[in-house]
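Trainee: Here are the chains, one letter per residue:
Protein chains: 4
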Amino acid sequence: MTIPSHVIEMLKKVRGRFAAEPIAQRMLPSDAEFTTLRPQRNATQASVDKYWARLHDPASQADQDALADPLTMANPDQFSANIENFIGTVKVPVGIIGPLRISGLNANGDFHVPMATTEAALVASYARGAYAATKSGGITAALLYEGVIRTPAFVFDNLFNAGLFVEWVVREIDALKAAAEGTTRHGKLVSVEPIVDNNVVFLICRYTTGDAAGQNMVTIATNALCEDIAARCTVPMKAWYIEGNFSGDKKASFLGLVTGRGRKVSATVTLSGAVVEKTLGTSVQAMLDYAQVANLGSHLSGQLGAQAHFANGLAALYIATGQDAACVAESAIGITRMEARGDDLFCSVTLPNILVGSVGGGTSLPSQSAGLNILGLKGEGQASALAEVAAAVCLCGEISIVAAISAGHFTRAHENLARRK
Amino acid sequence: MTIPSHVIEMLKKVRGRFAAEPIAQRMLPSDAEFTTLRPQRNATQASVDKYWARLHDPASQADQDALADPLTMANPDQFSANIENFIGTVKVPVGIIGPLRISGLNANGDFHVPMATTEAALVASYARGAYAATKSGGITAALLYEGVIRTPAFVFDNLFNAGLFVEWVVREIDALKAAAEGTTRHGKLVSVEPIVDNNVVFLICRYTTGDAAGQNMVTIATNALCEDIAARCTVPMKAWYIEGNFSGDKKASFLGLVTGRGRKVSATVTLSGAVVEKTLGTSVQAMLDYAQVANLGSHLSGQLGAQAHFANGLAALYIATGQDAACVAESAIGITRMEARGDDLFCSVTLPNILVGSVGGGTSLPSQSAGLNILGLKGEGQASALAEVAAAVCLCGEISIVAAISAGHFTRAHENLARRK
Amino acid sequence: MTIPSHVIEMLKKVRGRFAAEPIAQRMLPSDAEFTTLRPQRNATQASVDKYWARLHDPASQADQDALADPLTMANPDQFSANIENFIGTVKVPVGIIGPLRISGLNANGDFHVPMATTEAALVASYARGAYAATKSGGITAALLYEGVIRTPAFVFDNLFNAGLFVEWVVREIDALKAAAEGTTRHGKLVSVEPIVDNNVVFLICRYTTGDAAGQNMVTIATNALCEDIAARCTVPMKAWYIEGNFSGDKKASFLGLVTGRGRKVSATVTLSGAVVEKTLGTSVQAMLDYAQVANLGSHLSGQLGAQAHFANGLAALYIATGQDAACVAESAIGITRMEARGDDLFCSVTLPNILVGSVGGGTSLPSQSAGLNILGLKGEGQASALAEVAAAVCLCGEISIVAAISAGHFTRAHENLARRK
Amino acid sequence: MTIPSHVIEMLKKVRGRFAAEPIAQRMLPSDAEFTTLRPQRNATQASVDKYWARLHDPASQADQDALADPLTMANPDQFSANIENFIGTVKVPVGIIGPLRISGLNANGDFHVPMATTEAALVASYARGAYAATKSGGITAALLYEGVIRTPAFVFDNLFNAGLFVEWVVREIDALKAAAEGTTRHGKLVSVEPIVDNNVVFLICRYTTGDAAGQNMVTIATNALCEDIAARCTVPMKAWYIEGNFSGDKKASFLGLVTGRGRKVSATVTLSGAVVEKTLGTSVQAMLDYAQVANLGSHLSGQLGAQAHFANGLAALYIATGQDAACVAESAIGITRMEARGDDLFCSVTLPNILVGSVGGGTSLPSQSAGLNILGLKGEGQASALAEVAAAVCLCGEISIVAAISAGHFTRAHENLARRK
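Residue numbers (the UniProt record's numbering), protein chains in the order written: chain V, 1 to 421; chain B, 1 to 421; chain X, 1 to 421; chain W, 1 to 421.
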């Protein structure tokens, strides 16, 4: 039994369906003809119909009706700045939690938070956490830092030229900053840090991005900075790239955990022992005991930080408010802590990489805009508050899941609420 | 200048808005009265109206109309198994790419793939990658492994009892397997691996989950396994928890990268040099040169694996087909490789943690169901094919972004396609 | 101030010493003549003298005397199986701690442990930890797992052939096991797990290695396994490599943390409150408070597991007992935990990757052999006990440093004991 | 076979030696009497004899003679500033490689490098790499950055006070810098960066440390800084700790990889195709092919960076020159790259965390001092050059091992050179 049984199992499973030769056949490239979809930037009734004509079989008219419904088709062009090859909209159910009391540096008041998900029990769980937190006087939150990054890479023949390049950049930094900031009204280049690996130099360009999440803004600004370098720097350069796959854009990274990328927020609440017992059905000690094991699990499985399910809260909030759902990959890292404070329970989350905007991206689409309006955080001046709400929501989720697991309720909640499937 | 300037900048920014005392005030807990939303499992016109009555101010009737539109409200109860406290649906625009030719172990044929996103340029970019891949004979893909995990934790007084517990589990494994599998028609417990850290034992319980993504299934099965242990095991136990925060559920982890959690798929295509030049507007060598730098960036920034933006493709596909968008956090890790093959370019992705189902979760909601129907992958027997499609889509995205960055087109694409904002 | 001040500082520092042109000159390759040292496997007085003739200027006769002292030169050939190009021995001071009481699965009794280091305060600190632990009844320890790994890699043209290869390996596993085990009396091939990334297959070959640390043993055995594959497997293979840089040999890795490489040991002691106060000069609560912060630090800085300074104990023990000091890189990861047990303090360490042998490597050199003899753990049948001692020593170090930092004594100890420098 | 076979195997192994009850007995704490070693700071003949009296049985007189040999005992007190409870010295064999030509920013010339190890084949392998590099014109090396860090932690009641604290530190930074630098002639506080996780603030204090490795220096300086804070800062503080387990001292961390801790050096050489063939017995293409697989292995196993065996070179050099061998744990991370340059092979290493000094630590002990003298790098003004040598040595090791594995020679070398055991 030198080969693990699960490997053998899996091979049997494959073999069960195919004999060797057919598989080989099946996996070969093919030169069969095909006609590709013509790309469409501006969505119209006609363009949508044309796509659907192609999609019928396997899809049906009912499928078309579900995506290209009358409300969507009343003005398909409103989506043109957000998508190409438009065929309709997918309807993601939205639930509401609240009031969630937040005493934040930027967000302040009692919020109702829209959450879009198809996972049963998720909204109920966050709602429970929000109730416990609000009942305990609300969540204190503070935006600690902001700074979206792009990290262009520059390749040289050798280490010596890489060094000369760094020196040139340091000397020319004011002009470079001007070039970058010339592309944007709201973006400010806060710092440029060179990272050298022999003949390759990455520049960590860190920006504040006003009320936008800012990824496009920093791309365009950094591109201008790079082009200014390319135009004026006389150190012989083999190549430059707008992004050296270093910034952590759309992916979890330790750089993000250590230095942050996006907005960094801490949120905290001290739950009274009574609330833990009545609202959450468990005890402070039980939650602390589990927190210890959960922390051990996070280490042993090699997570980035230690938390339970930031991704659930972030994905639901991001989708409901027109944020970039793919950024959940980079945002869902950080730290959850629980500690005894006398008979009460201190609970805290810190998320170093929240990527949200109150303008730009999907925020101006009607239903996403509605999501921001429910929060009262649409438009200029609200992105920092939105980031604090995001962290506060994550804190609610952490409280609820730790309570549920410590009390042994976790499974039951999922069984009951997903009961119809 | 011992304090980094960005720290000083950030402090000024905070100070600019507040004086010290008001901040302190602002961040205190508050005992003001509040009435919480009454939780609602079954959505009705009345329940939705009631919530909206609460949400008006700051939200408007137009906001309500955008979420609780007539199509949505025609049958609000259809969402009840997927959400609580329902107030409507958020409409995420869907674009289509294809045909994407896949010669997979499970998926086979020319697919049109729906992608839901609000990020301009994303669909266009993936469409370009799909065209290049299909033009080159299509993508070979294979599901290599499947196995959703839960990792309950058991706490003992000491190491010795932890050891006795492991021994008991090994002895009783057949009964435990029966207990777990008794809760599910489709789930099979493939392996149980104990991980001991002194007095704490985690059991890595690995299941195949049929055509469901399977998180609920493995939770319920593992709960039964744990309750069987709790009922029969005589080794004195201090506590057990259904999940020791070890499985990597909803978060990126090295456990996931090393051993996989969910479905593991490799997808690959060899692009002809001609396609790289005509379709992608760059050269094989330019893509290889960039790939080397991108790989360096992935190491230096501490990513899990090395890839560019799996999260974009996964989030868009997950949302469009009723998958759990929060799972993007754990799914968006893995490896992208590009290598020379004569004058052509070998491109490969391997994703160890794809979490998808062709049944269950959000897959039966009308617009999500339509997404699966467009693929022809709804219902029983399709989950493995869906996982292969997910990997193939990610490969398209990797090809397109590497081409764009290597050619210097990346910024321009984002500028043009998000042009209206 | 967009460029961080430390970057500017560093550039000034470089510039202070050189002007640009001289640097360029200085860093060019040179074709000047040189004569290389002739390699010597068998050390003799003559060979040592010959090397030293070369080394005089800059080194002196006193330097030669310090390395090639009479004791060393009495029998230089005794080192020939451990080193090439021998010029003498470096004398690393050894201190002793103990008695350290261990109630282990394998190690049992009161041990005196030799530790070789040049870092002042290290031995004193570990001695203090040992005293506290022994005073509290001793350390319980258990070898939980053993399994040194090699991970050869096999490269194919494509995914399909990689799959056929895996199937072939599974089918032929008994013969392959025989081939591997035919090279060694003590090594047993425990498991072979294939990891596929498209066209590349890694085989995680896991061995028990008797009383040797075993790296050479598993290399030779795995090489035989690979050659058997190469000779008989008909799946077309592009290349194979004895190690795919996957096993974690000589480097920290999450694979090592998650699955272990080498011997995995847990060691634990419950310190009485009285011992914490009298011996360690702090309180249980103070240690717990610090442990919480230390755990947070480990997460935020991206460590592998959470511990304070396993490396100190391991390096000192490895050097004193003829182990491979380079393995400290992979061994010094794992988990330290401290928890309240009533008024007492539960302390535990788990090290997943201890690489030690009681035979082989440097263990038979005279002074290293003496180190093992002091422990009473030289020769056959002692490696598991030695691994338990290693973990127990690490536990002593963790106790002492956490106590020192929590009490504010850490700095003072280092100031006093390194006082002469 | 739900339980992996290796788990069952391991349990059998344990069970084979013990029955359950005896194990329990064996692992209990014991109150048996013991007398501890009296700690000794100043080593004398008498103190050494006294220890040995205790160690006889199990150790023998021969063991004592091996450690407490006449040369060592001629002046035992010379070790007193480096160790406590001294019982003698362990003799680690030293081999020499060279000449290694280095064209560095700081190190310049042809070096002979002493390496202390008991691993057969190690010195021969590095010697081969050195020959290939020197033959190709030598290694270009540059110290890119230096900065040893300490990260004290400060704990507050809440986030708000943590914020006030950061503000206070920023305001008082000049005084704090003076306090820190008042303790040291050579250390300079380069930057202080606050990292906030809710109520806990870490200060990343980064120093240059002159020619010392500097860990003690930065501890003492940071302690003074902390005490100045504690004395003057009026923000209510719950506790402070000299180190929040954040700096990466004695352990691998992503912080170290991303921002460096210690000296950061890049070293590079372009090997001619002829040298690769004649000296290394392989081809440029074969080395590149393997490098690609090795890079994949580094990702999939979750290493920090990508390299083969920095630890071997570092441990051998550190021990031979009186550096802290435990620092291998943190130093042995970084990046090795190999790329085609026409028909030649560009090879590069970057190590972000080299911890070496040319003064302090063990550098003034006679045999360690001899090691530095062989390099010509003892005393003031040489630490940067020593760091460049360390990186250059690692590069030699990478070249040699990649060549050996790509050529299939790796196993044979280990078989032959460890032939006597």
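Read the hints as simulated data drawn from the structure, not as lab findings.
Watch out, some of these pointers could steer you wrong.
[What the hints assert, rightly or not] From the structure, some residues in chain W lie toward chain X, with a derived Cβ separation under 10 Å:
#1 20
#2 34
#3 37
#4 181
#5 182
#6 200
#7 289
#8 307
#9 318
#10 319
#11 323
#12 362
#13 365
[To be verified] Which bits of chain B does chain W cover? Going by a derived footprint, with three or more residues having C-beta under 8 Å, they are:
#14 6-14
#15 372-378
#16 397-406
Bear in mind the structure is a predicted one, so any value in this text is a computation, not a measurement.
Note that beta-carbon positions come from the ideal geometry of N, C-alpha and C, so glycine has one too.
Trainee: Does each hint fit the structure? Answer for all of them.
Mentor: Hint-by-hint comparison with the structure:
Interface hint status for residue 20 (chain W): violated, as the beta-carbon distance to the closest one in chain X is roughly 12 Å, over 10 Å. The beta carbon of residue 34 (chain W) comes within 5 Å of a beta carbon in chain X, closer than 10 Å, and the hint placing it at the interface holds. With its C-beta approaching chain X no nearer than about 6 Å, residue 37 (chain W) sits inside the 10 Å limit, and its interface hint holds. Contact between residue 181 (chain W) and chain X, as hinted, is not supported at the beta carbon level, the nearest pair being about 14 Å apart and thus beyond 10 Å.
Nearest Cβ of chain X to the Cβ of residue 182 (chain W): about 14 Å, over the 10 Å cut. The hint is violated. For residue 200 (chain W), the interface hint holds, the least distance from its beta-carbon to any beta-carbon of chain X being 6 Å, beneath 10 Å. Here the hint on residue 289 (chain W) is kept, as its CB sits about 6 Å from the closest CB of chain X, short of 10 Å. Residue-level restraint check for residue 307 (chain W) holds (minimum Cβ-Cβ distance to chain X is 7 Å; threshold 10 Å).
At its closest, the beta carbon of residue 318 (chain W) sits 8 Å from a beta carbon of chain X; the interface hint therefore holds under the 10 Å criterion. Below 10 Å, beta-carbon pairs count as interface contacts, and residue 319 (chain W) has one with chain X at about 6 Å; its hint therefore holds. The closest approach between the C-beta of residue 323 (chain W) and any C-beta of chain X is roughly 8 Å, which is under the 10 Å cut-off, so the hint is satisfied. For residue 362 (chain W), the interface hint holds, the least distance from its beta-carbon to any beta-carbon of chain X being 3 Å, beneath 10 Å.
Hint status for residue 365 (chain W): holds, given a least beta-carbon distance of 7 Å to chain X, under 10 Å. Coverage of the stretch 6-14 of chain B by chain W holds. Counting CB-CB distances below 8 Å, 4 residues qualify, and the rule asks for three or more. Closer than 8 Å: that is the beta-carbon criterion, and the stretch 372-378 of chain B has 0 residues meeting it against chain W, so the requirement of 3 is violated. Judged by the Cβ-Cβ criterion of 8 Å, the stretch 397-406 of chain B is not covered by chain W as claimed, because only 0 of its residues qualify and three are needed.
Hint violations for this structure: numbers 1, 4, 5, 15, 16, all remaining hints satisfied.
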